[in-house]
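> One letter stands for each residue in the lines below.
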Amino acid sequence: MKASGTVFKYGDNVDTDVIIPARYLNSSDPKELATHCMEDIDKEFVNQVKPGDLIVADKNFGCGSSREHAPIAIKAAGVSCVIAETFARIFYRNAINIGLPIIECPEAAKGIAQGDEVEVDFDSGVITNKTKGTKFQGQAFPEFMQKIIKSEGLINYINQKQ
Amino acid sequence: MGMTMTQKILAAAAGLSEVKAGQLIEAKLDLVLGNDITSPVAIHEMDKFTTDEVFHKDKIALVMDHFVPNKDIKSAQHCKCVREFACKHDITNFFDVGEMGIEHALLPEKGLTVAGDVIIGADSHTCTYGALGAFSTGVGSTDMAAGMATGKAWFKVPSAIKFNLVGKPSKWVSGKDVILHIIGMIGVDGALYKSMEFVGEGIKNLSMDDRFTIANMAIEAGGKNGIFPVDELAESYMKEHSARSYKIYQADEDAEYDEEYTIDLSSLKPTVAFPHLPENTKTVDQAGEVKIDQVVIGSCTNGRLDDLRIAAEVLKDKKVAKGIRCIVIPATQQIYLQAMEEGLLKIFIESGAIVSTPTCGPCLGGYMGILAEGERCISTTNRNFVGRMGHVESEIYLASPAVAAASAITGKISAPEE
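Protein chains in written order, with the working numbering: chain A, 1 to 162; chain B, 163 to 580.
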């Protein structure tokens with residue numbers, strides 16, 4: 001499985017309040033949430049994002065609230081993968097549980113800029129910056145998490161186990 | 163090798179004699195929590211299960227607290243969805259308007275969280291119950307759904323940072339100042355994926371409400387959980403509030419910690435976190451001239467009785483400065499009632515503050531105190547992210563109830579002794 005697209009680049013501590021502000025949490029509809037994704041940090045994101053595009057960020061991406069609406073909004077906006085130096089732990093869990101691929105890779109976070117064309121191979125964890133011609137080795141998921149992702153989320157995984 | 167307090171609780175819940183940091187385990191849950199924002203997503207996820215049953219109707223808590231009494235039609239639809247689910251599954255601990263309170267103040271008060279429990283909640287501040295010696299952590303709605311259906315959750319066993327608290331805090335220094343000081347010291351990702359284990363003789367000088375506040379904000383340092391040893395004070399709290407039996411776990415003497423810090427509580431000063439991260443701390447005497455427009459005293463962090471008492475002590479026979487909106491939100495009906503009986507509400511209202519029914523409202527910019535462009539609020543809540551309480555050009559300063567109340571009187575960030 002591969003993801004490929006243009007990068008939206010952000011800095012440290014992108015919190016779930018800017019990913020999807022609480023004023024929109026009176027909805028849980030993914031499509032509606034997606035129309036406000038990243039609104040308080042990047043007003044142009046929703047106008048420019050295309051299916052398959054990637055988000056790349058520095059430290060502690062997704063910190064703050066436990067709202068699953070945050071990875072749901074990112075996924076529904078068409079983002080194929082989020083790469084960060086580190087993720088906040090609840091966001092990390094939530095992304096895996098809903099089947100949004102995420103990869104921790106400090107080198108890639110540093111070596112990828114806004115607008116770069118990037119390809120990610122989920123099986124090998126290799127991240128290729130096609131614009132700059134560089135490659136990075138992302139951290140592979142433990143087998144247990146790979147099973148959840150392959151089942152397309154935690155609920156399907158549990159159903160299959162039973 | 164020895165285990166930390168958190169590791170011991172997780173090992174027991176996983177049915178293992180020993181666990182190590184980094185190990186993936188499946189643990190039995192004592193309580194699964196959700197609120198009016200996160201539960202509807204979880205209930206929708208539940209529909210995907212091959213089974214339609216919940217694991218235990220007494221071990222699920224659904225608290226309508228974020229947007230209630232409902233602020234608009236959509237939030238009313240959400241609460242209706244949860245109400246119908248609670249009714250269908252005969253959920254014992256469903257708390258709607260009239261019984262509800264802010265979840266992390268309400269559940270300990272109702273005796274639903276005790277030492278030794280393993281608790282997940284679809285709310286990031288679920289880490290609050292570590293004050294009672296429980297392992298509790300925030301998760302998302304899918305984890306909540308899986309927890310409601312199976313009574314289990316997967317965890318990666320965390321390593322820990324040890325905070326050795328010594329000494330006695332001075333009169334105006336509270337649990338909020340302790341945790342803001344710690345977050346300022348280690349940063350908003352300083353405890354990422356880790357337990358924050360608080361130990362030391364200084365803990366005896368912290369009230370239960372102080373400890374709830376400290377554990378509550380472990381997540382603001384990125385922590386998986388914050389946890390306190392169970393002492394006489396914690397035991398008497400549990401005996402007063404809960405009929406459930408509890409189990410006390412202690413860290414092994416040879417437990418390994420990634421880092422250890424010693425914090426002398428007597429050296430701390432009232433502390434304020436400046437926009438837009440909880441780690442941007444300054445002591446209040448270094449705050450400079452920061453004029454404010456609004457004051458919020460409440461939330462799962464600081465809406466408990468001790469918090470209202472200290473705010474009332476500061477506001478007694480004083481007036482909120484002209485042009486300042488001061489909003490006081492007791493966290494539960496019980497706290498509201500007790501504050502009324504103690505005359506605290508009278509003090510607030512006579513000072514020019516308003517007193518609201520329990521709600522998370524302004525903390526997350528939901529309603530009940532949204533900020534306009536360029537406005538500043540000093541708040542006893544837990545996050546000061548961009549746009550958290552309203553307009554993206556507004557600012558939030560996090561502080562203790564004493565500092566917030568003092569600032570309401572002067573109209574600028576002020577120390578309580580002023």
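Among the hints, a few may not be true.
Pairwise CB distance ranges (calculated) [unchecked claim]:
{"#": "1", "chain 1": "B", "residue 1": "Glu555", "chain 2": "A", "residue 2": "Glu32", "range": "22 to 28 Å"}
{"#": "2", "chain 1": "B", "residue 1": "Val554", "chain 2": "A", "residue 2": "Gly125", "range": "33 to 39 Å"}
{"#": "3", "chain 1": "A", "residue 1": "Ala113", "chain 2": "B", "residue 2": "Ser407", "range": "36 to 42 Å"}
{"#": "4", "chain 1": "A", "residue 1": "Glu32", "chain 2": "B", "residue 2": "Lys182", "range": "53 to 59 Å"}
{"#": "5", "chain 1": "A", "residue 1": "Lys31", "chain 2": "B", "residue 2": "Asp414", "range": "28 to 34 Å"}
{"#": "6", "chain 1": "A", "residue 1": "Lys110", "chain 2": "B", "residue 2": "Asp393", "range": "56 to 62 Å"}
{"#": "7", "chain 1": "A", "residue 1": "Thr131", "chain 2": "B", "residue 2": "Gly485", "range": "35 to 41 Å"}
{"#": "8", "chain 1": "A", "residue 1": "Asn47", "chain 2": "B", "residue 2": "Lys210", "range": "47 to 53 Å"}
{"#": "9", "chain 1": "B", "residue 1": "Pro231", "chain 2": "A", "residue 2": "Thr131", "range": "34 to 40 Å"}
Note that these hints are calculated values from the structure, not bench results.
Where is the CB? At the ideal position from N, CA and C, for every residue including glycine.
> Checking each numbered hint in turn, tell me which of them this model violates, lowest number first.
Hints 3, 4, 5, 6, 7, 8, 9 are the ones this structure does not satisfy, whereas the remaining hints hold.
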